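Student: Listed here are the chains, written in short residue letters.
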Amino acid sequence: MANLETDFIGIKSPNPFWLASAPPTDKEYNVRRAFEAGWGGVVWKTLGEDPPIVNVNGPRYGAVWGADRQLLGLNNIELITDRPLETNLEEIARVKRDYPDHAIVVSLMVPVNEDSWKAVLRRVEETGADGVELNFGCPHGMSERGMGSAVGQVPDYVQQVTEWCKTHSSLPVIVKLTPNITDIRKPAQAAKDGGADAVSLINTINSITGVDLDLFAPEPTIDGQGAHGGYCGPAVKPIALNMVAEIARTPDLRGLPISGIGGVTTWRDAAEFLALGAGNVQVCTAAMTYGFKVVQEMISGLSQYMDEKGFTSVDELVGRAVPQVVDWKDLNLNYVTKARIDQDLCIKCGRCYAACEDTSHQAISMSEDRTFEVIDAECVACNLCVNVCPVEGCITMERLAAGQVDPRTGAVVQDDYANWTTHPNNPAKCAAE
Amino acid sequence: MKDTALTPGITAGRLEPRDYAENFADLHPPLDRHEAVVAADRCYFCHDAPCITACPTEIDIPLFIRQIATGTPEAAAETILDQNILGGMCARVCPTETLCEEACVRELAEGKPVEIGRLQRYATDTLMDRGVHPFTRAAPTGKRVAVVGAGPAGLACAHRLAMRGHDVTIFDGHDKPGGLNEYGIAAYKTVEDFAQDEVDWLLKIGGITVETGKRLGRDLSLGALKADHDAVFLGIGLGGVNALGLDGEDRAGLRDAVDFIAELRQADDLSQLPVGRDVVVIGGGMTAIDAAVQAKLLGALNVTLVYRRGRERMNASVYEQDLAASKGVTIVTNASPVAVHGNGAVREVEFEYTDDDLAPTGQRVRIPADQVFRAIGQKLQGDGLPDLDGRKIRVTAAGRTSVEGVWAGGDCAAGGDDLTVTAVAEGRDAAEDIHKSLVG
Ligand SMILES: Cc1cc2nc3c(=O)[nH]c(=O)nc-3n(C[C@H](O)[C@H](O)[C@H](O)COP(=O)(O)OP(=O)(O)OC[C@H]3O[C@@H](n4cnc5c(N)ncnc54)[C@H](O)[C@@H]3O)c2cc1C
Ligand SMILES: Cc1cc2nc3c(=O)[nH]c(=O)nc-3n(C[C@H](O)[C@H](O)[C@H](O)COP(=O)(O)O)c2cc1C
Ligand code: SF4
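Here the protein sequences line up with chains P and R, keeping their order.
All you need for the numbering used here is the position in the first sequence, starting with 1, plus 18.
All you need for the numbering used here is the position in the second sequence, starting with 1, plus 516.
Estimated spans, in silico, between C-beta atoms of each pair: (1) P:Ser331 <-> R:Lys720: 28 to 34 Å; (2) R:His649 <-> P:Glu144: 50 to 56 Å; (3) R:Thr652 <-> P:Trp438: 51 to 57 Å.
Some residues of chain R that are not near chain P, with every Cβ distance over 12 Å (derived): (4) Gly525; (5) Asp535; (6) Asp645; (7) His690; (8) Leu719; (9) His745; (10) Leu760; (11) Ser787; (12) Val854; (13) Tyr869; (14) Thr870; (15) Ile883; (16) Asp899; (17) Gly900; (18) Asp903; (19) Lys908.
A few chain R residues that face chain P, going by a derived Cβ cut-off under 8 Å, partial list only: (20) His563; (21) Leu579; (22) Gln583; (23) Thr586; (24) Gly587; (25) Thr588.
FYI, nobody ran anything at the bench for these hints, they're computed from the structure.
If you're wondering where the values come from, they're calculated on a predicted model, not measured in any experiment.
Positions of the beta carbon are idealized from the N, C-alpha and C atoms, including for glycine.
Hey, can you work out the whole structure from these sequences and the hints?
Tutor: Listed below in structure tokens is the structure:
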């Protein structure tokens, strides 16, 4: 069993799996049970100023399912905690006292004025919590009041509030970013410039999960109406991974610690975030779908993977994939592959044929007896047939060795690396150095 | 002339050579990776899952299935083996239709449970194929424990004791360890010598010595074992077989089903194993079904299983009954044997039809038979054992017997079903109690 202990900006936890700020971390009862179940840390459900906010009393969540009701995406219109500040602070102090080795970070969202932040920070420090996370991400309700993503979408505000927090508190400050923005690097840079110790991302994505076609109202529907909510769960992982990678690979942001959030459901999801530069991960939807126990699979899986790879600490995995994330222009155009169909595995469904024939490059032939074969002279190696084939491993991409002729282009495959920047078709090409 | 299904009497080689391999192939072939992932995907990861409660060893089934779903069958195997060190055998032999899979919420919802047994096999096979033994021993305690019986109960007990740092010697009267895993379970449930492979794998923990050919009551006494060890565990199973108490029960051709099965399990070449043309099996449990099915698979022409009560009272599950029927076994119920006819060798068995309370109806039937298997239950064998409760050794929930320092579990102990998985649970739990009593 690999050692999963992590030190994220000085905050230690038995493993890199934290519960994200959300209902699972809204009270002492939950957090104690989460720690007992194996979670390494929590970010407490976002605290606000008193009087507490109110939530809707109809449905808060909408969902997107697979055919077998597997929950693929969740959408919510819940606001921050609706419990009094004092209650939350007392509970945080009690739990932290009993779980000194687990991470407790407190998420905060108060109006954009220095006194509000100063006041709440002082209260949080008294609890003994390990750090604060600034919720600049909530995309519904709070944003209408000038908080949450309304702050996160304006880099100047992000920087300003971060500065206040660094000035008025000695606690580590994590800035939680909203994905509802064009370029995630901008608010990340602002957080860094404001002195943030880390960023966490992503918060939820603006969304409507569906429309009730009898009521003609978005779901979840409250008395015949609906509002956009925040999307999360497995469906958002690819978006989150990209945003994490963008921050991790940007030279100006290099070294800014990242807490990865968005669709982490299995150990593998977590490992992917870590490889793309996250120092730990936060989880919400998976816990809300399967219960706290789901962390046990994450722990055993990550541990097995690390043992197999010979990694003795989580740090050895963190960022390992970052150097391989590049701009399109850096990709090797001399890397030539062709699809290969394994006839022994092929079940003759013809999906590859339909996909290639109708929507790609007419590079698969079909015989009377339903044998499907790749026509190398047409195959551009787009990978669509691989993606639509129902049999894993049946269609693969095989690299043409240097010296072979690519029947499609008639060109001999070169074994050197050459990308777009030096390609003759590039009007702006620069000479190879 | 070559023998065929039609040849009268008890004879070998009724089938073509290749038929034997086909007939005795894996009943449930292993899942490949893709099949396993698809099967795993159906698990709902239920809270406080009913399948866990239904498993006598309380394996965390949703967790191990999730570990399969996420591509870590090795971790899944550890989850299984942590609770049930013979999880590999149990995956093959458990009547899951009356245990975990019966409790599966998808059984309730769709009549199609998650294939827990086959998934368990996928996980444990993956780990064992790698030759990995994921458990290690605690620091040595210097305590010595004798385990009598190398069946599932004894093996599970020994492994857990070794893990806790004790030194264990297992004594078994047979030539090979494994108990009924080796000598009893139907051949098509545990192919390719899996029983011995599993024992070898289990012993990799270290600290366990196996002494075969040592029988309690013949080569060993309980008193001497107690004197030489800090604790004794009895997992001797049920060595005796109930008699029918009929006229003509000594006729040639009539024998115990368990002996026939043991012989079959030990046969190197099934085409050399004789079987009757008209076989009658008397009994209604797993042993009766296994004898009937395997007789049929060996090429018997007619196999009739006769049970004295109604079908719903049969110990064999509906699944097992259907399996027998699908192999061509005729099941006759509400008929009690009254006589075995024949001149030297058995020729017919006479039955009287009974009602559900076993009251005779006066109607009789004679079923032709050149071979008859007795399968009306096994019984405890041995003198000088701790006090009994009915016909088995009396034990507490933790497996303590009436004799200080002696524990018992598995088929020989009162309470619990006579199943491999129950024996494992009882052996494991007794080991924990022995451990507690030894280290204070
Ligand atoms: C034909 C048959 C088929 C079965 N099929 C299934 C099935 O499909 N699924 C299922 O779950 N269960 C099945 N069972 C039941 C299952 O095999 C038993 O419940 C299980 O093996 C009990 O384990 P045990 O360790 O208590 O006893 P056993 O497996 O009987 O092991 C007892 C061991 O003790 C040894 N022993 C006995 N007496 C002495 C002595 N005096 N001194 C030294 N050693 C001794 C024996 O040699 C043996 O190795 C079947 C049983 C039979 C008979
Ligand atoms: C019901 C619900 C309430 C949430 N409330 C908060 C919140 O109060 N503060 C916050 O920072 N994020 C909140 N989030 C966002 C999560 O912390 C997390 O960023 C997001 O759900 C993505 O992670 P996931 O895909 O693992 O769920 C909430 C999410 C959900 C589903
Ligand atoms: S999850 Fe609990 S609180 Fe929510 S609707 Fe269902 S019963 Fe009510």
